[in-house]
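J.: Please work from the sequences and hints to get the whole structure.
2 protein chains.
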Amino acid sequence: MAETDGPARTDALFTDLYELTMMQSYYAEDMHDRAAFSLFVRELPENRNYLLAAGLDDALSYLENLRFDDADIAYLRELGQFTPDFLDWLKDFRFTGNVYAVPEGTPVFENEPLLEVEAPIAQAQLVETAVMNIVHVQTLLASKAARVVEAAKGKAVVDFGARRIHGRDAAIKAARAYHIAGVNATSNVEAGRAYGIEVSGTMAHSYIEAFANEAEAFAAFTRSYPETVLLVDTYDTVQGVQNVIDLARKLGEDFQVRAIRLDSGDLLALSRKARAMLDEAGLQDVGVFASGGLDEYKIAELLEAGAPIDGFGVGTAMGVSEDAPSLEIAYKLTAYAGQGRLKLSPGKASYPGLKQVFRHESPEGHAIRDTLALHSESLEGRPLSECVMREGKRLKPDTDLNAIRTYAAEQIAALPPEIRAIQPADPPYPVKISTKLEAYTEEVRTYLKGLERRTSGINSRS
Amino acid sequence: MAETDGPARTDALFTDLYELTMMQSYYAEDMHDRAAFSLFVRELPENRNYLLAAGLDDALSYLENLRFDDADIAYLRELGQFTPDFLDWLKDFRFTGNVYAVPEGTPVFENEPLLEVEAPIAQAQLVETAVMNIVHVQTLLASKAARVVEAAKGKAVVDFGARRIHGRDAAIKAARAYHIAGVNATSNVEAGRAYGIEVSGTMAHSYIEAFANEAEAFAAFTRSYPETVLLVDTYDTVQGVQNVIDLARKLGEDFQVRAIRLDSGDLLALSRKARAMLDEAGLQDVGVFASGGLDEYKIAELLEAGAPIDGFGVGTAMGVSEDAPSLEIAYKLTAYAGQGRLKLSPGKASYPGLKQVFRHESPEGHAIRDTLALHSESLEGRPLSECVMREGKRLKPDTDLNAIRTYAAEQIAALPPEIRAIQPADPPYPVKISTKLEAYTEEVRTYLKGLERRTSGINSRS
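Residue numbers (UniProt numbering), protein chains in the order written: chain G, 1 to 462; chain R, 1 to 462.
I should point out that these hints are in silico values taken from the structure, not numbers from a laboratory.
Treat each hint with caution, since some may be false.
Stated by the list, open to error - Covered stretches of chain R (in silico footprint by chain G; criterion: 3 or more residues with CB under 8 Å from a CB of chain G, positions within the stretch not fixed):
1. 41-52
2. 203-213
3. 220-227
4. 322-334
None of these values were measured; they are calculated from a predicted model.
Virtual Cβ for every residue (Gly too), placed ideally from N, Cα, C.
T.: Right, here's the structure in full:
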């Protein structure tokens, strides 16, 4: 929370200590050459056919504003691990690098760079932790939300997650990611303010329980909010619906309630029963809204069974991405001083150099396959990655969240139906590696293995 | 991040919209009586035998500092859902209630209140979202970390989670929760500063890759950090260990490296091989540190197999509580205007009134069972809940995080071994409901059902 986050006034110390110790060593060794780092997801979670890129805007803000203030430097001095020279150097530290990225709202696949940083190595190293954190949580939550929106087939989806999303920052960022993914509104007022997103909400069980009975509670709430949604499951759902109908009779033309909300029990049976009761009472305009432990699987099941539900409140399962609460996101050195780099450790291989992704599309705009290529290649298909920051300045200062949302909807709609679907796609969306990138990867591997052999040889002679 | 969280200067709008609309209705209906709300976890996740309470300190800070500034009120006005009178009233809003809670670091079980709020209903209602959010994430992550610490059997555990924990706020709070649970250090520099926790870190693969070869990288890093931990798996782990041994031979008495770090591959086999190579080279003082996708299950497996590992870096699995990424935490009205309240909806029952938990302990201090009772009862056992805030002021302004950590260690050690263990306990820890609480619950249920019947009767006559 604002008051309890500690004394931070900058984001510079929101980093792993090793970024700073490595920086000091680069500084001490006079290593100021430019490095390229690639942020990508190694392998998609089992239950994700694609990821929806999100978080770039915040990552760029972080990079633009990155600096160490006196309090930051004083704390680092206290740690006793940094030299006065290095700490002095940090005072003028700024991020002056270039960033290439796919636009927010782009569906991405494994090994495709979400973002690439190209900067003097100390700069590109320092930002690893924060950039990963920012892009990870927003991409994770946008990807989950896109599935919920897909399952809801055009019915409204409202974010109810603030209470159980992990911390305040994620709860606010979640609402932004959800907006990109097509969620209709959020219950989170601060997120509404921060991003200009529609806020939505009605009443809790506690409100109903504070009154002598449910009918009185409904009457009181509609006095302040005539066009509200009334929660009907506090005591007995069918009686709750009846209480709404009775209120409608009593209020006559003043009755403007938009919907009832079901929050527990058998939502299929109860939504049918409620719909029938409302229809019978001539309340065809009163919708049925459902919540309570929902996720894309449950929503799909309800709608496939024909549940007459007009909208869904989705909280925890979407808010923590319950079935895949993290992504195998990595931020890897891919070039230093003009030379491609990669890691040879088992199971964690990567591709060297700055890259481009070409999305092959049909004449109608349907995505067919991607090719991961060298940045310098020019292949068939639409290039997804673009330069978004040059010498520390972002190229498009204004981010239009609604434009991102529209773009995301188009991009998702262009995916093959089985990739958009919530069931695992088999085969997955095809991502090819270009011939030149394959060859370059092999070249860098051979070069690095040669270096290691030479090291090994030298060592064994020493 | 600090710069991108939007314009918030208070925490007042970090709430669900319905808290505010309910408040306005309470205000409009002149409902200012005191309410009691209970924050508890309905059912423990399958893989948790207990939860470790955390987050109280931040919840109390939030409550103490809660107010609406002009910008908050202006935004609410823009929403067009609030009356000028109500918005005026918010200007002087303060939390003036009482809070009862179990101390942070207390193991708790299902239905046991982590925290109870007793305040005028509008106040107690507003704080629901933020208090749940704060206590949920810290309790979730402390509970997960306690399992990792248990599995590590006294070996060091270091938090590596900052890059994938959901957002900055959670990453910083996580380090605090981990400290309470017995984790030894964090890589998160901001968290180290915020809470005075030990920060720790070494080098990444990118550092190694920036040099012509691994041996040069090791030599360079130890020039800045002689007592460091060297990462040996970038190219070939066995060769990496050999490079460390060669460095030791070269540096002689200047060699002060504390440990090597394994981050991939078969950690059991590699730790044995590395240990043997180091021992053979006379480097018995150089430890073996392991990381890379670790959680309590993998750590237990490694140590049970006798892996010679001295410490563990644990990131994502602990950071998102991967096997249980949320808790069924609830904040329920339990009394209003002196009358017990509860919800009758299926599967979501609760107990009315302010409560106390009595922990029955053996003469040696071992926890035997708990009894959930009315707040007014005085039963056998140690009462866990205490008044921590009176009339909006906390009773103990200074929180000593190390004292909480010591208390947590004692409390965890006092649990039955099968409850402390990472395997699911069968039977679970016994939590009884006191006779008086059972009777009171029945009384309130009967009363509420009577009210509903009367409502129903009235309606059917109308």
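J.: Starting from the hint list further up, note which numbers the structure goes against and sort them upward.
T.: The structure breaks only hint 1.
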